[in-house]
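Taken in sequence, the protein lines are chains A and B.
For the record, in the first sequence the residue sitting at position 180 is 179 according to numbering that gives the first Met the number 0, with numbers rising by one throughout.
For the record, in the second sequence the residue sitting at position 153 is 152 according to numbering that gives the first Met the number 0, with numbers rising by one throughout.
Please keep in mind that the hints were generated in silico from the structure rather than gathered at the bench.
Among the hints, erroneous ones may be present.
Identical chains blur together in the list; that is why a pair holds if it fits in one copy or across any two.
[Unchecked claim] Capping the alpha-carbon separation at 20 angstroms, the derived lysine to any residue pairs in SDA-like fashion look like this:
1. Lys203 with Ala263
2. Lys203 with Phe262
3. Lys56 with Arg151
4. Lys203 with Asp94
There are 2 protein chains.
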Amino acid sequence: MFRVTGGTQGKERLVAEGKAQPVYRRIADELRAAILDGSYRPGDQLPGENQLMETYKVARATARQGLSVLINEGLAVPRAGAGVFVREFRPVIRDGIARLGASTWPAGRDIWSADAASRDLQVDQVEVGRAQAPDHVRALLGLDDSATEVIRRSRRFVLDDKPVLMSVSWLPAAVAGATQIEQPDTGPGGTYARLAEAGHAPDKFREDLRARMPLADEAERLQLPPGTPVVEITRTAYTADGTPVEVNEMTADAGSYVFRYEFAAG
Amino acid sequence: MFRVTGGTQGKERLVAEGKAQPVYRRIADELRAAILDGSYRPGDQLPGENQLMETYKVARATARQGLSVLINEGLAVPRAGAGVFVREFRPVIRDGIARLGASTWPAGRDIWSADAASRDLQVDQVEVGRAQAPDHVRALLGLDDSATEVIRRSRRFVLDDKPVLMSVSWLPAAVAGATQIEQPDTGPGGTYARLAEAGHAPDKFREDLRARMPLADEAERLQLPPGTPVVEITRTAYTADGTPVEVNEMTADAGSYVFRYEFAAG
DNA sequence: TAGTGGTCTAGACCACGAA
DNA sequence: TCGTGGTCTAGACCACTAA
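Model the full assembly from the supplied sequences, consistent with the hints where possible.
Laid out in structure tokens, this is it:
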């Protein structure tokens, strides 16, 4: 053989195993197993590209591809210049239905260490003003073409110096115009208290949740490492007579949240 | 210059733009913009590796890396031997709270085309039997060390020939033993009807939702293309006196579901 | 300063899908 | 059969982090 550069070889071994497994998958599988069985704990440094090249006798790109599997699975996080580390997962619980007193519910130990109270939550990048409602918001608010002006409130939430959620809220100008909702600071009780004062008290809520991978700009604004999905929540508030008065679109770092809903049987 | 092989060059252009952007990101950005503005529609084929190599005068690996960005963002799906295509998104709505009659709620046009009724749902890979409860389930069920035996029911749901959800349910043997819950077919009304007959009617539910990337074996069982997160739902059912009687862990294809919760204000 | 990941080149062989 | 993506080699230069 006078082949000078690469090409795939060594399939014999793989075939002999009965399963044609690419090398990079074997690397990924072994690292994954070591992470899941606790050989590497959250925060630990994993073997890097150079070490994997030696251990498995592969080219840089192949070692890299093996690591990229774990990174895309969200099990590992790369830090340029430092190494690849096992991801840590410490979410906050977001209670979708706050009205149910905690006492109503059995204590039931939590899976997640919910020390939310002791954490530091900041609000950031506040933008408030009038705007035209985008199509899907217009549909949800039931606005006809003659009244598409809305109050738009955009904010970012930062937990312990890490951005965790972006929120954009739309309210019909006919409902929320000329109230404190048009100001960055909505005052005590927030938007819903102001809506109540204006005779549009929210009475029912709908939340639609969807998970997907972030676009590049979302990943940047939320400082998401690769392998981190976002949860998109579309919340619509209705008055007692069924009129929609607010649509709130939230984009949350999936690694920072557990979403909890509690409800009674029919 | 007599450099024979690679290395990074052409940074001049990038610096001139004021932002050092790697080539593969520029490729990804331009393709993404074309997808988002509708130049490519869901299902359309995108330019492949070979074409991108020509268009941008880059090596195969670089073109590939550009495409991988879109694939990991879930915007594109690769089909070996065929090409890379714009992803189609047609989720089903899962209603977390079924008790609220549809009539209670304003019609409010849906964002998602919810034609769930006309789709074909199959149940698959059913496994029913006795088992030891894993630690976190034991904690949620409040089992002490003397009574850790549970009924385990594992199933997979397939919608229109595409697996969309895996479900594993655990019930204390003391509660569900010697009932039809131990059989693959639980009979009319299902598990909850049998629990009610046995004097353990579920009265309250808690659902904890979390999104993450699938592990390799989950991606395989759910036939998930890369760039697709899963939603992990941990549902606990309690009787009226607060005793937990079931824990159901579900793993759903995030691309197939929108999760909906509706509730009233406090 | 030494080591890490990030980006890139220029090739190669393969299995698979569509025509 | 031909084009596609999937896997792999063997290099290179860079920016960044940590000691």
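Hints, verified against the model:
{"no.": "1", "hint": "Lys203 with Ala263", "in the structure": "both (16 angstroms within a copy, 4 angstroms between copies)"}
{"no.": "2", "hint": "Lys203 with Phe262", "in the structure": "both (14 angstroms within a copy, 6 angstroms between copies)"}
{"no.": "3", "hint": "Lys56 with Arg151", "in the structure": "neither (56 angstroms within a copy, 44 angstroms between copies)"}
{"no.": "4", "hint": "Lys203 with Asp94", "in the structure": "both (16 angstroms within a copy, 15 angstroms between copies)"}
Hint compliance for this structure: hint 3 alone is broken.
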